[in-house]
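**Student:** Using the sequences provided together with the hints, build the complete structure.
As they're listed, the protein sequences go chains Y and L.
The numbering of the first sequence is the working numbering, which starts it at 1 and goes up by one.
The numbering of the second sequence is the working numbering, which starts it at 1 and goes up by one.
No false leads were mixed into what you were given.
Pairs of lysine-lysine, PhoX-like flavour, derived with a Cα cap of 25 Å:
1) 235(Y) - 465(L)
2) 348(L) - 270(Y)
3) 285(L) - 270(L)
4) 218(L) - 28(Y)
5) 28(Y) - 77(Y)
6) 337(Y) - 412(Y)
7) 44(Y) - 44(L)
8) 270(L) - 348(Y)
Bear in mind the hints are in silico, worked out from the structure with no lab data behind them.
Being a predicted model, the structure only gives us computed values, none of them experimental.
There are 2 protein chains.
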Amino acid sequence: MLSFSISGSYTDLYEITMSETYFMEGRKDDTACFDYFFRKVPNKGGYVVFAGLQDVLNILTDLHFTDDDLSFLRELKFNSSFIEYLKRFQFRGNVYSCMEGEIIFPNCPILRVEGNIIEAQLVETLLLNILNFESLIATKASRMRYVAGNRLLSDFGLRRAQGMGGILAARGAIIGGFESTSNVYAAQLYRLPAAGTMAHSFIESYDSELEAFRAFAKARPDDCIFLVDTYDTLKSGVPNAITVAKEMESNGHRAGGIRLDSGDLAYLSKVARNELDEAGLHYMKIVASNQLDEYVIKSLTEQGAQIDIFGVGTRLVTGQPDAALDGVYKLSMASGKPRLKLSETLEKITLPGIKHTYRVITSDGLFFGADVVTLTEEQQKTDIMYHPFEAGKSLVIGNFQQEPLLQKVMEKGKIISQSYSLKDIAGYAKRRLLLLPTEYKRFENPHLYKVGVSKKLLALRDQLKDDYKK
Amino acid sequence: MLSFSISGSYTDLYEITMSETYFMEGRKDDTACFDYFFRKVPNKGGYVVFAGLQDVLNILTDLHFTDDDLSFLRELKFNSSFIEYLKRFQFRGNVYSCMEGEIIFPNCPILRVEGNIIEAQLVETLLLNILNFESLIATKASRMRYVAGNRLLSDFGLRRAQGMGGILAARGAIIGGFESTSNVYAAQLYRLPAAGTMAHSFIESYDSELEAFRAFAKARPDDCIFLVDTYDTLKSGVPNAITVAKEMESNGHRAGGIRLDSGDLAYLSKVARNELDEAGLHYMKIVASNQLDEYVIKSLTEQGAQIDIFGVGTRLVTGQPDAALDGVYKLSMASGKPRLKLSETLEKITLPGIKHTYRVITSDGLFFGADVVTLTEEQQKTDIMYHPFEAGKSLVIGNFQQEPLLQKVMEKGKIISQSYSLKDIAGYAKRRLLLLPTEYKRFENPHLYKVGVSKKLLALRDQLKDDYKK
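**Tutor:** Right, dumping it as structure tokens:
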């Protein structure tokens, strides 16, 4: 059996190499602070749904190096006193974060880790790995949710998922607004609704489609969806499904529905709906699958397709075409001093210091379209926010309410935030998305949400830049 | 700690639902045979490198339902006698497969599972999940290997990988021609060479870049690569790296090299190479990273960039933009009869029966550019192969040698094939790729490799089609 436990070695080698240097230099108790943020919304979207926090916090509470990890590090010739130190390693830092399910935007710090420099550095890779991927999928799912109206959405993607990434994808999909998953492992682990129909192979394994449908109806009289495109959707699949559904009625049962998996889903669903209705089978649902994504779902609903449930696979669970959120984890403080990374690419210059982030809210309670990043040491509310990279650009936000986004969720390695169910998290994402004006949610050239910085933060960054230039 | 073990529940719900029906209908000892193949080469390429076989076989030898799996299935209201059956479930089927590392093409059966209908059905999802993903990444890696010449390639992708998919990605990358990975977990699990440098945060955590380089050199005197773009690559990073490398020389050590992570990698690498050489540091290598893929690597090498090692992240481990191989698992026999799926999409009609696949080889020992699929019952060598979907198209292959691709690798659930090291598998992929003419390897409109069928197979399919139409 292939087993994977996310232990200390679930990281890039250089995290361990750097930590060894800190240790050997006597810096193990130096403090450090890192910010997690991303730079670009994937797939040409206007927002990202933040997901993966609970998984990360759960991993951090119990993160350690196993005996196997340590013996591998010995093989790699790490210093034995450092390996002794890792043997007792636990993450005992603090974490501040947005709520899981928050709607987030580029260049705004979403999560902050404070701790000793070794623990804060060592968790970088795993934190990025989980948050980047779950957020990618929650975002992709929310785009499908946005255009699916009141139709149900089910994750059918495990077979095309990137290995065990499919497990996290199922979770991300629920946060983004999906109702269920075909992935039994994920359903079991995260307590998600499991869903599924039947495969072509099932039907082919019988000598006739009718026989296959009857066998399935007998085994699952209260939960049976007939796949109707194995031979010919309209000439064979739908008529056979109707025949068996009527037989079920006479035995006091109700068929669940049919699934279309090829051909013109708009056309076929309308014809099938008509035929089901004419047979008095109004209660039977129509499930559609086959290379769906947010664009296909939008087009199908615009065409008035008679689809009740979309089963989405590849393009959900891989978040294609971008397939990654570019989240990064950047040092902002070390040994009590604010720290900065310069870059020839202006947008890659980081924001130093310990920071708060606030969301600007209109008098109607909606998102105004701006987040502002300030230093925690600032006493006063920020009236004007400045563009982080383009000098001279500013925006007056003084009249609006500002809602703090970050809260302490972990203290000295222990989770102190409330534990939310996935349903709660999905509900939060849904409510927050309702506050985001539609201009940011459209697929074509969505409106650009502004993230600005306070005057003091800008001044600190400029000062550090000058210091480094000297 | 988040732990994942690939058990029986690592599957789509419908595999279990269908299996329950087979069980309840008394069909548990019926036989079935499934083919694994894919339909489209991802990312506009001309071939796929087959990877993941050893992982799949290892999982199958020990596949079972855990107590947790079974109690979850009870919650889902599966029949208790079926759950009792699953309690004792083991995969005891046969598997025939291409060699791992084989170069494979669309619509050609690559792997065949024979077993009872429940075991053969239940393994579908996990087999697709692992083979599709590892093959995707091995293929992506091989495209980078193709243009990287004799430069080294290292997987730096875990932070952007799709969750735990990053573990399999590291393995796939090695099969496709990468030399190392930054992923410590994968290196440990699969015994891969681990590699890494240092991060910007390390440098920023010191009061000066020079101080940071000195600390690193002291801690890792024989294995140190300096990241040079934290403040200014040419004005600060490279000069400081040279200073410290010269100090190391005077202590009898040699710096490993420098890493460029932003800016114009072609230009910067040439200037940096010059400066290193002028300082007598010919032995120092130049590592480059930052959004690399096969196209960027190709362009860099064409520009004469002085790069010795490419560190590739996101675009390797996610296989973007397609991010998935569309492999499918289709029933070809059940209860001793050949089976067929029809479809309105011609290319989705399956190939019935138990089949062999042969690769046509020229007199020079190269791949001729054609694989032929025949029925195992055929006694004679196939002289003419037919297009599987376009009637009338055929190709004479009688003069050429035909090499069988499938061999039995698992018998009654036990691995009977030789166990190959990853180095062996990567070596096989490399040797086989050398036999593939370059037309199939180019990035722009690669030549179309032909997969055809024997006359008897075509006749069997036509006959089954006719039977169903009646």
